[in-house]
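Peer 1: Please put together the full structure from these sequences, using the hints given.
Sequence order for the protein chains is A and B. So in UniProt numbering, spot 52 of the first sequence is number 52, and the numbers just go up one at a time. So in UniProt numbering, spot 111 of the second sequence is number 111, and the numbers just go up one at a time.
Everything labelled a hint here was simulated from the structure, so no lab data went into it. Certain hints may be false.
Said to hold, decoys possible - Straight line, CA to CA, 16 Å or less: simulated EDC-like cross-link-like pairs of lysine to aspartate or glutamate:
1. B:Lys-136 to A:Asp-57
2. A:Lys-103 to B:Asp-296
3. A:Lys-71 to B:Asp-296
Said to hold, decoys possible - Far from chain B by the CB rule (all over 12 Å, computed), these chain A residues:
4. Thr-40
5. Glu-47
6. Ser-48
7. Glu-51
8. Pro-53
9. Leu-54
10. Glu-56
11. Lys-60
12. Asn-63
13. Glu-70
14. Lys-71
15. Phe-91
16. Val-101
As the list claims (entries may be wrong) - Partner residues aside, some chain A positions facing chain B, computed with beta carbon under 7 Å:
17. Lys-23
18. Phe-25
19. Thr-34
20. Tyr-77
Given the structure is predicted, the values throughout are model-derived calculations rather than measurements. The beta carbon of each residue, even a glycine, is placed where N, CA and C say it ideally should be.
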Amino acid sequence: EISAPWTFHNLQELRHSASLANKVFLQRDYSDGTTCRFQTKFPSELESRIERPLFEDTVKRLNIYYAEAEKMGGQSYLEGCLACATAYLIFLCMETRYEKVLKKIGRYIQEQNEKIYAPRGLLITDPIERGMRVIEISIYEDRGSSGSCSGSSSTSGSSAR
Amino acid sequence: MSAVMMTRKVRKWEKLPGKNTFCCDGRVMMARQKGVFYLTLFLIVGTCSLFFAFECPYLAIHLSPAIPVFAILLFFFVMAMLLRTSFSDPGVLPRALPEEATFIEMEIEATNGNVPAGQRPPPRIRNVQINGQIVKLKYCYTCKIFRPPRASHCSICDNCVDRFDHHCPWVGNCVGKRNYRYFYLFTLSLSLLTIYIFTFNIVHVVMRSVNSGFVKTLQDTPGTYPFMLVCFFTLWSVVGLTGFHTYLISLNQTTNEDIKGSWSGKNRVQNPYSHKNIINNCCEVLCGPAYPSVLDRRGLMRDDLSVPTSALSIVPGLCLQLESSYGAMFPLQKTTAPLIPNEHTPDDAKPSMADSAIAHAEKRSPSPREEKLPTLPKSSPTPTKVPPLASPETDAEASIIAKDKAL
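Peer 2: Put into structure tokens, the structure is as follows:
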């Protein structure tokens, strides 16, 4: 069961009425090689804040987007060969496929934050801001009710493996 | 002595740790020692200029004008690849911010359990299974991260680089995931250019000798021979290097792994990244997606600068204005040393975490700034816009910044 002592409904209210309680970091999943994938393990700190299927859905969708960006296929080969033929000068005016997908990911994270995470007092940081190493999830608490939320009590332990 | 915290916007590259130099306001990124890179430029440009000046007119008339045309195209391709390799971000991994570093430390302590006093804690290693092979991820004490597979820390540039190949002094930069293909194409095209110039040098000498005799030919065109000698020697090293990297690409290995013997086959270890097919390996390395830089060198960030209050008393009345505008946001703090740009500050997460997280959630590096500022040398910061969270005391801010520039 998820208690909701917070009252903010969007990112703007989050800024004005919340204080940062904790941050959780989702690590990369290297089992498939060096391609970009994040672990879908549900952190214990978020158990009281968000439903597990919603969260796993977000991470899985992000993984799908990254796989699409790094996909080795006809389009990426064509882009590579064309760029090589122009001595890569074409990259000065054209956006690469990866950059297009990254923008899509940025919009998706923004949308997820607005619709799902901010109303629950959470905020996802785009992995590109952290060097594509982690998905950082910030946990907020309502300023008026410090200590009453269960989110702050989990700082002593880490997600056990 | 007390001070007031001022805030202004700077480009992120000015605050990046590591030993890189940046040019063109963050667009160009190189290592600190650039001497050998200038030598490379000089050798290539010098040799080609002499070829175009002395040999091409003769060859164009007596053989074909296509010869110098092709040489020019090849020359431009070589220069483009060289500059791309030297100026781009090789795939630097940014260092962990304090919260991430703390989180990882907590995880390490939880994994290690209680270490008896006096005993050294176990080495910080994470084991990952990739394609059926156990790969050890090492912890980097400088960057405070567990390095991704194939990443390595370059001690010359003081950065962790993804898919680190080697640090090349000839191009004045590390060679990593993002610029490996440019580096390979540079060595390949340089090999072709060197062979091309050397061959046509010989053709030119032979043709002239047939007409006027060997000794007279040597007397007519003395300038090219020193550079022909340079060509001859560099030919072997560049062609050798190209051959070596072709071998590495076909096996999907990096120079770093080859030197360490990571996948040499002893203890039945095999390269888990290889597709076991030469064509697939080549395609992945040379025609794979163009990875973007994760450094965001040209993004704007807030920089806190402590200005001693004694300096402010020069402008009467400003002190009060500043306190009223900034006092609520940034309480008066004791000054330690003025924040010098490009110095390695321990972290740049001084503004409140909540604000920076939310600012990032709302937008990432904004569009290039519109206003034109006078170009300043890299060591002095260029203040841009008033930060959105501060109250709009633009007059106070502008006069402080003007005084700062004058100092």
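Peer 1: Where does the structure disagree with the numbered hints, that is, which hint numbers, in rising order?
Peer 2: Of the numbered hints, 1, 3, 13, 14, 15, 16 do not hold.
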